[in-house]
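As you go down the protein sequences, you meet chains D and S in turn. Here the first sequence stands for residues 692 to 1242, where the numbers follow my numbering. Here the second sequence stands for residues -6 to 745, where the numbers follow my numbering.
Read the hints as simulated data drawn from the structure, not as lab findings. Check before you lean on any hint, since a few could be wrong.
Calculated pairs, PhoX-like style, for lysine-lysine (alpha carbon to alpha carbon, straight line, at most 20 Å) [what the hints assert, rightly or not]:
no. : chain 1 : residue 1 : chain 2 : residue 2
1   : S       : K185      : S       : K140
2   : D       : K1231     : S       : K475
3   : S       : K642      : S       : K624
4   : S       : K261      : S       : K240
5   : S       : K624      : S       : K743
6   : S       : K196      : S       : K140
7   : S       : K743      : D       : K1231
8   : D       : K964      : D       : K869
9   : S       : K19       : D       : K1122
10  : D       : K949      : D       : K834
11  : D       : K697      : S       : K642
12  : S       : K367      : S       : K325
Residues from chain D shown here face chain S by an in silico Cβ test under 8 Å; the list is partial [unchecked claim]:
no. : residue
13  : P701
14  : A707
15  : L710
16  : V715
17  : A763
18  : A1022
19  : G1025
20  : V1045
21  : G1151
22  : L1214
23  : V1219
Don't be surprised by glycine CBs; every beta carbon is placed ideally from N, CA and C.
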Amino acid sequence: MKEWIKSGTPWIWSTAGGLAVALVMVFGVLWMTAARGLPYFWPSQVVETAFIEKDGSKIRLIGEIREREEVAVRRLVESGFTIPGNEKFTTRYLLKSGNRDVAGFDFKWYPAPLLSKFTYPDNVLTVERREWGNFYGHLKSVKENGVVVANGDFALPELQKRVERARKLFDEIFRIEKQEIGDVNFELEKLRLKERKLQLAGKLDEAANQSIQNQRLETNGRFAEIQSRLDKLRAEIGRDTLSAEVMDGKVVDVPLSKVSEVYRANSLNIGDKIGFYFRKLYAFGTEDPREANTEGGIFPAIFGTVMLVIMMSILVMPLGVIAAVYMREYAGHGMFIRVIRIAVNNLAGVPSIVYGVFGLGFFVYSLGGTIDQLFFSEALPAPTFGSPGILWSSLTLAILTLPVVIVSTEEGLARVPRSLREGSLALGATKAETLWRTVLPMASPAMMTGLILAIARAAGETAPLMLVGVVKLAPSLPLDGHFPYFHLERQFMHLGFHIYDVGFQSPNIEAARPLVYATAFLLVLVIVVLNLAAVSLRNKLRENYRVLEGI
Amino acid sequence: MDETKSNLHTITGAMRGRLLIDSLVKYVMTFGGISVIVAISLIFFYLASVSYPLFKPVEVSDWTSYKMPGGISANTVHISSEEQREIGARFTDNGVVHFFNMHNGKPFGEINIKIPDGVAVTSFGAGDPSDYTAIYGLSDGRAVVVKQTYTVTFDAANKRVIQPAIEYPLGETPLVLDKTGSAIQKIAIQGKGDATTMVALTKDGRLLLKGLTSTKNLLTDENQVESVSSTLTGVSGDIQDIIIEVKQRELYIGHGGQFVTHFDISDKSQPRLVQKQKVVADGEKLTALNILSGGFSLIVGTDKGNLGQWFLVRDANNNYTLTHIRDFKPMKGKVTTLVPEYFRKGFVVADNQGSVGLYYATSQKLLWQDLVGKGEIKAAEITPRANGLAIQSADGKLYVANVHNEFPEVSFSSLWQKVWYESYDKPEFIWQSAASTNDFEPKFSLSPLTLGTLKAAFYAMLLATPLALLSAIYGGYFMSPKMRGWAKPSIEIMEALPTVILGFLAGLWLAPLVENNLAGILLSFVLVPAIIMLAALFWHYLPENLTNRVRPGWEAALLMPVVIFGIWMAYDLGHPIEAYLFGGDMPHWLTTEMGIRYEQRNSLVVGIAMGFAVTPTIFSIAEDAIFSVPKHLTTGSLALGATPWQTLKNVVLLTASPGIFSGVMIGMGRAVGETMIVLMATGNTAVMDLSIFTGFRTLAANVGVEMPEAAVGTTHFRLLFVCALVLFAFTFIVNTLAELIRERLRTKYKSI
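I would like the entire structure built from these sequences, with the hints used as guidance.
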């Protein structure tokens, strides 16, 4: 034992322990996000049980078990529960009972000792709604204009048929609201700006005014026509309702216009569940958020992140590569290049929020403000480029990721063997040609690595974006069918900010939690994949050079 | 060089194009490289340029002077001005209001206050400057309330036209203050909304209080005025100043050359004398008294030029006492005039030797001081937006100047030291930028934010430094290449994980978990290392044919299940321990038994989460330094008979120590500037304590939260830039230092 200590082996083990802890932490975090994010789409079993209230009365509970934890009994007693026995700790369950519109709450913790046995009745209906969250209950009947059309065993097939119809109508209404009305609004805004522009230039004469008024009249007419069509559809969709018995025994009517999906979670077989899972996964990636971002999909956030990253890449790549080429190929070895190198490394160490402050002050207020005065004076005082937007965000991120690109590119350039360069020069190529034809192509995987790392960094960066362009809910995407298609001044949604916003600013945090985990998992997945790609690319590159150096 | 040049003439056609492109590329590349430097300096200079105006001295410029509008036959009792700083108003002691152009003194008309025949003006009082209400006391015990109004219209050419006027908000008939008809010698008024309060001193020495409340009859739409009067008693000596606070609940009387007596007048029919307080030093005389905007602070001026600030401070029994808060740099002569700003806590002071000073209460600063005109200053006015100064000197002229004084709140003491803010019971460090009302006193103490930043970094480094350095030593020296192949990328992924994910996990998962299993979490910090050592010992006693199957350099992989087991065990033991030792709830026990406040989102949670974020940063730099220690050094040491551990201790660590040090520094730079984790995993309250169980607010998180809401160009906006600049400068210094150390290390490695 003494000898063992003297040999230093325990120290070696303790260093190994340090690494083991670090690795456990990494895998723990990855596992955490996956384990909590992935089950979000799986249809959960619906539990039915009874609970002894504080006043001793027994009530029925229906809902999904969301979480289970061990909690100090003292805390439960403090909040008014009477827990039998004298254990210090007990289990409690978080039940998602849905029906927020009926009960006023949809999530609640229940101490296990006060709950009866859990049962999973086959016929409990889960209704996913577009408003007020999920609904759970025993289906009683289906009504058309208030008249029962099916009940008992016939209710469910009838209901599914009618839900399908309502969903189609909803999609149509959604399309009209989003596209046709969007078009009309866009045109009206354009007309207003045109009028204002002419007015500012002093050219708004009688004829111009008349033509604008005519166009406006015509557009308003179109709007009225769309509106009347919408009204008809809305009346159509409001036709059917379902009525079901909820957990406290009341029978509640749910209009099908708000229903997006109905199913009996406890009687789904495994194939149904898998199908359900992938359908939900698809919807998650392609739909817009609902209910203050706590439900629905995250499509705009994915879209915004991707577009941001692409724009950033376009901006950062030329700059980063040029800077790296300059540092490696053109600058000498003097004091100057040392300063640049330190500066680049510094740029990498500056807190990202500082970039945000800089971006807000310099890009948004100074540059954007000037652009507005020069080119968009008709829209003032409403800012066009003088407010946070995707262009400024990608510029800010481009500066932020610049060192990543420079460092990797430089590494790639440094590894191109001298002999190749000298060979090219000896054959009469100029330095620029050597660079373009020999050095850069060989270093291109290194640039690629830099780009991937930059993308990974940009995709996850949130703090600076909070200042320069991200919003919790963007009314329209930065890319759409209206001229000029790219709207660089628009604000956008972003995965990282979505996590922060939904996780911390949401009014109904329990409802939002699984969605945030799912979003987080998506983001982590993207970043892990990008990083692994960069790592393998880099390793391959190093391998290639090693071979080359042997020549 | 010359030769090449001459050759160029002979080169033609395609070749020339190629060379042209060659030099073009060179310039483009050089330009690109230099622009990187420019970008960095741009960030620095931009941040500095936005922050700089905060520290610029106050500028009073463009002095003009002109003859007193209305002549000097009558004395000025009050000067006022309108918001755009175009029109000034001078009230004289014969009941005339002269409006004039502030820029050149051109008269804008004069208005005689309507006073009954045979009655003379005997006194004047002005209400809160922003309210424009004033009162004239008359020789028959009555008084007239007047109010300046300014109507802004735009003429045909879209030019702004301001039309001044005088209104009589309580009617043109004078109000009866003293029924016996004694002349009113001193008078004060405060009127806001429907309530008006007046206090008058009659010639025979009575102090009268009158409160008027007008209510609109909803049915008849008529105004009904309710009037309450009473007489104030208990004030001795010569009454100098009467000051009614703007909310009309407190009344201050300056009297007897050295006292201020405070009355509670919330009930106008029963005024209550609260306190008589001596407000000047022995041997000095009170010569000027006024109240600052907002109605909290009294400023006291004396014949020796001393200036003090006083306000009501609540004690433990909920009693308010007038307390001396701070002194300001004295004026040279006797203080004659003391005028507050309209909306901020600034004031103008003038003395009998002709010098004028601009002060700011919160920052305890004398912003500017100079001599104006000749001789004593008769009256002074600071314009509503605090951008202009008008001074009447004894030489009969009005001196007007522009004032650039946008950021008086900022001083060394207000940013870094305890400040006694209005309505607080002691000096404190507070960051509270949100303005709920117009006369809110902003609290800009950077101390709690800086302390919070350091606290966050400290707890993060407490976890990250040992973890990262141990891992780096193992990774750089003991780990087998094969394990390295997957362990290093894993750590790189750890570094690449977005902090928003870490913050989210810390805030929503870890924080409740820690609160619920505090004993277990704390235990794991001891238990996990202990179990690792036990496992190592156990390994030592295993038969060799078993241990030999695992090659050296794989210990860390072997230990991973052990670590998981250790954490699980600590987690499992936590609740029984809490039940046994801490009454079943450790946070509760900490609060009730130990008096330690426990917050759910606390430094422990941030320490773990940010430690996680910082570990890979330190790891990769330190590991790089250890790994690149030249192999011949270590092999030499081993060949001489040293054990691997001795080699590591005496050769590797010694050589790599500068690199390790720079790794720790860069890690600290990252911890200081980290935003999202702190934002999500703490409560973000700016407090000054170091407890591991409470939260904090860091500079970075503060910027992240407040920047989007800060109005451009305000003190708040610029202070946030200062925060960013501080972060930038800190990381810049730390990183440069670390970089220089690393560079030196690299050269050293090359040479050996």
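Evaluated hints:
no.	hint	result
1	S/K185 <-> S/K140	12 Å, holds
2	D/K1231 <-> S/K475	16 Å, holds
3	S/K642 <-> S/K624	15 Å, holds
4	S/K261 <-> S/K240	13 Å, holds
5	S/K624 <-> S/K743	12 Å, holds
6	S/K196 <-> S/K140	25 Å, violated
7	S/K743 <-> D/K1231	26 Å, violated
8	D/K964 <-> D/K869	32 Å, violated
9	S/K19 <-> D/K1122	9 Å, holds
10	D/K949 <-> D/K834	15 Å, holds
11	D/K697 <-> S/K642	13 Å, holds
12	S/K367 <-> S/K325	15 Å, holds
13	P701	6 Å, holds
14	A707	4 Å, holds
15	L710	4 Å, holds
16	V715	5 Å, holds
17	A763	4 Å, holds
18	A1022	6 Å, holds
19	G1025	13 Å, violated
20	V1045	5 Å, holds
21	G1151	3 Å, holds
22	L1214	6 Å, holds
23	V1219	6 Å, holds
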